[in-house]
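Chain by chain, the residues run as shown.
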Amino acid sequence: MRKSTFHKAHLMRYLYSMTLHVGTNGLKTEKAFVQVRSATVRFAGDSGDGMQLAGTQFADIASLTGTVVRTLPDFPSEVRAPTGSLGGVSGFQISFGDQDVRTPGDTPFVLIAMNPAALKVNLPDLQPGGIIIADEDEFTPDNLAKAGYSSNPLSGSELSAFRVIPVAMTRLNEEAVSPHQLPPREAVRCRNFFALGLTLWLYDQPLQPMLEWLMEKFRTKPALMAANGASVRAGHNFADTAELFRVQHTVARARLPRGRYRRVTGNEAAALGLIAAARRAGRTLVYASYPITPASEILHELSKHKEYDVRTLQTEDEIAACVAAIGASFTGAIGATGTSGPGLSLKAEALGLAVMTELPLVCIDVQRAGPSTGMPTKTEQADLHMAMYGRHGESPLVVLAAATPADCFSMAFEAVRLAITYMTPVIMLSDSFLSSSAEPWRVVAPDELPDLRSIERPARQEFAPYRRDPVTLARPWVVPGTPGREHRIGGLEKADVTGSVSYDGDNHQRMVELRAQKIEGISRDIPAAQVEGASEGDLLVIGWGSTYGAIAAAVDETVRAGRHVGHLHLRYLNPFPANVGSILSKYARVLVPENNRGQLRSMLRDRFLVDAVGLSKVEGRPFRIREIEEGIETMLGEQT
Amino acid sequence: MKVVQSGSCTEDGPETILPVLTKQDFKSTQEVKWCPGCGGFGILSEVQSVLPRLGIPREKIVFVSGIGCSSRFPYYLDTYGFHGIHGRAPAIAMGVKCARPDLSVWVVTGDGDGLSIGTNHLIHCMRRNLDLNILLFNNQIYGLTKGQYSPTSEFGKKTKSSPLGSIEQPINPIVIALAANATFVARTVAADLKHLRMVLEAGARHKGTSFIEIRQDCRVFNDDALESFSDKSIRKEHWVYLEEGKPIRFGKDENKGILMRGMQPEVVIVGEKGVRAEDLLIHDGRDDSIAQALCVAGLPRPAFPTALGIFRQVEKPTYEDLLMGQIDSAITRNGPGDLPKLLNEGTTWTVD
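Those protein sequences? They're chains C and Y, same order as listed. Counting with our numbering, you get residues 1 to 640 for the letters of the first sequence. Counting with our numbering, you get residues 641 to 992 for the letters of the second sequence.
A couple of the hints might just be wrong.
With the C-beta cut set under 10 Å, the calculated list includes, among others, these residues of chain C facing chain Y [unchecked claim]:
| id | residue |
| --- | --- |
| 1 | T65 |
| 2 | W213 |
| 3 | R262 |
| 4 | T284 |
| 5 | G332 |
| 6 | P440 |
| 7 | V443 |
Below, simulated EDC-like cross-link-like pairs (lysine to aspartate or glutamate); rule was C-alpha separation at most 16 Å, straight line [to be verified]:
| id | chain 1 | residue 1 | chain 2 | residue 2 |
| --- | --- | --- | --- | --- |
| 8 | C | K304 | Y | D978 |
| 9 | Y | K872 | Y | E894 |
| 10 | Y | K798 | Y | E808 |
| 11 | Y | K981 | C | E307 |
None of these hints come from the bench; they were simulated from the model. From the three backbone atoms N, C-alpha and C, an ideal C-beta is built for every residue, glycine too.
Using the sequences provided together with the hints, build the complete structure.
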């Protein structure tokens, strides 16, 4: 933790000498500042260039200075693509500024390109007039050829729409770290911090938190600490003294609710939500999972927290993960599993078992582009119908969707609450974008969270495995170890109340209806849907999942322009909140942007007979704000 | 059921009042729906006899099963039970055992359930050495689906789905269990209730995964599966009982045995060609190496007899003990989890 280094007197002195060094180095020129509300920066380089680390550090520092920071990494699909190749480019985008920063940014204004491949891959996204900071030392004939350039773009005219700032980063970094006598391989790896130093200067961000972090990180490796510190300072000083940029940019701070904040990715938040819910329920968390991109980080995160009695099981396959979680739930633990699309397909039969046995189960599906193996590292929202309908027989279950990375905490917690209150499996949908994107999260105090212990009700009536609670229709959760209540459950149809095996047709009809009513009744126990923007009018934009930020920003913009447009974002997809129908009736038209071919749209049309129009994007990338705005403009244009 | 002071083994120590359970206490009210004459009845009866002898309260026993005739088993026992989906019982049981290591967990499966659709789970369950008892009812046929060949059906077996004879080589359950490094591996037969009971009790008392293959026939679809066992005039020629530390001997005159010539097993007759009783292979199920157990398990039919008994019984740490050990050491190292601390981890900042 960063805070802790402050207490150490000797570190403090060391730190002081470093910052003094920053302040006195070089001639001070008159600074010119441009104030902006937000900025978007992308670090891009080879997968070995440390772009993720540089990006994360920038994001941490920008957060500490009071801006809202949203980040999105872009990893290469291959584990180790050849150095300098287009396939090996790793990127990290940061959007920061005031509270209207709702997404990691449509198009970067600044691109840091550590080699020609990074430039080539990322150039199409850069804003016209934007800044390219390139490590000119890496634009060698060999690297240019690997990136498919026949001539050096830094010296030609093809980048004339941008401001190109070539910097000899490799050489300057080498000089900066040379006093610390690192092996050459280690020395060159400090280059990302040189780029970071440059960028911190450009956005008038402090170096101090960076230096503190280095001290903590490399406490036992002083040479690395000093070299990385030298590199980041060298980058910062070089930007200052060489007058690389005409102006520095200062970014507006955000107005956020009071509280303590941290940055979380969707996968981190989901893991924390599960632990918090298990704690609030006073139960053991058993998370069984098979490694799959992009869900594995949930397993990794949970595996770190064994002192919370989190039992993680890396099972032999997706099916085993799901049924092991069900077995754990049978004994009274919080049974959870996580996966992505291909794994959800494999879990289908087991989810049906949880529906029939009426046991709590949380299944997190971090969606990726399908079908089949598809594009494993790219985002998509095309598992909604699979979550809703992808089981044989009549097998309704609860479907939730997190809207932002931090919302993964709330929805994972909510998934546990609903699962144990209603004795039902719950699928929580996240996606590749949410899983790795990060945003500020106001840290909740545990007592702000619902107490899930109160769910155990005293038995008012004689025990029977399928005697339902009259309000929730949940069956009792009586677990092995309870004397006198020995009973058997399983996948065969159950007789109402007694839970004995029954092949009786009338009983089956009744049980199918009871299971459906139980899920439908949950709409009384979830928050009413809230509209942002106009509460009635010409157009309602309805979204779910990770499209939240882009839709919210686009609708904000449209409303500011005086149009009557509302935004409804559904976090509960089965059942829908009870007021969705009445909200729909207040707008002339409905637009449903989705990263699929219209799955929520068809659910809305089916349920509400509404002539919803879809806006589909399945390119493996999230919507840009601009794309949603265009969709809205088209709808409004058609109307007039 | 009467309640008495008992010194039986529970976690709470010798002062606990434990009900003395009888076989009757484990009979559920469900009507047993196996076909008349099914070997399942004998297995059920022996399990109901063994359970009260283990000193485990009834509510702490869980039977988990998959799909198939054998997997109806949990319904017939008055313990906690979970009738799962096809092939997945070992994985369900893993979840049960990891969440509640104090429970006595039994898996009931069959040759189709455990060695076809669920082979993966069975193997991984055994290699992890969860403290479970796995009973695999092997009747070498698909009974519930009315008579198709199974993974343990013999080559050439004529069934509804193999009218010209199966063209598949059968899988050997014991070899699979040994290859998965199971710590207790045994084979018994439903038609020998005494041996069945002995093996069941030894398996139940073993800490770690106990894999017990129970040979049975299927009265309707594979009636002759145990013919060589039922016919007492030839039984001793075709079957051999393994006894720990004793020479492997069989034959109606008990004069045949297995002799190793290098790596090659051979059937010999004691007293002929200079073979002495002490030359015979001594059964050693306690060896950490699976080599000899594999050799005995893999003896080809019909040149060699089929072995019954405990092929292997070794001590290794169980999965759930290791799992809980890691949790305990994390608590010792970091203190018991404190939710506010967890939620505030990493770089944080305050907005006033």
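Hint check:
1. About 9 Å separates the beta-carbon of T65 (chain C) from the nearest beta-carbon of chain Y, less than 10 Å, and the hint is met.
2. For W213 (chain C), the interface hint holds, the least distance from its beta-carbon to any beta-carbon of chain Y being 8 Å, beneath 10 Å.
3. Checking R262 (chain C) against chain Y by beta carbon gives a least distance of about 5 Å; that is within 10 Å, so the hint holds.
4. Because the beta carbon of T284 (chain C) sits about 6 Å from the nearest beta carbon in chain Y, less than 10 Å, this interface hint is met.
5. Hint on G332 (chain C) holds. Least Cβ distance to chain Y is approximately 7 Å, under the 10 Å limit.
6. With a cut of 10 Å, the hint placing P440 (chain C) at the interface with chain Y holds, because the nearest CB-to-CB distance is about 9 Å.
7. For V443 (chain C), the suggested interface contact is upheld, since its CB lies about 5 Å from the closest CB of chain Y, less than 10 Å.
8. Under the criterion of a C-alpha separation no larger than 16 Å, the hint pairing K304 (chain C) with D978 (chain Y) is consistent with the structure, at around 14 Å.
9. Restraint check for K872 (chain Y) and E894 (chain Y): the C-alpha separation of about 14 Å stays at or below 16 Å, so the hint holds.
10. Only pairs whose Cα atoms come within 16 Å are accepted, and K798 (chain Y) paired with E808 (chain Y) is accepted, the gap being roughly 12 Å.
11. Restraint check for K981 (chain Y) and E307 (chain C): the C-alpha separation of about 12 Å stays at or below 16 Å, so the hint holds.
The structure meets every hint from the earlier list without exception.
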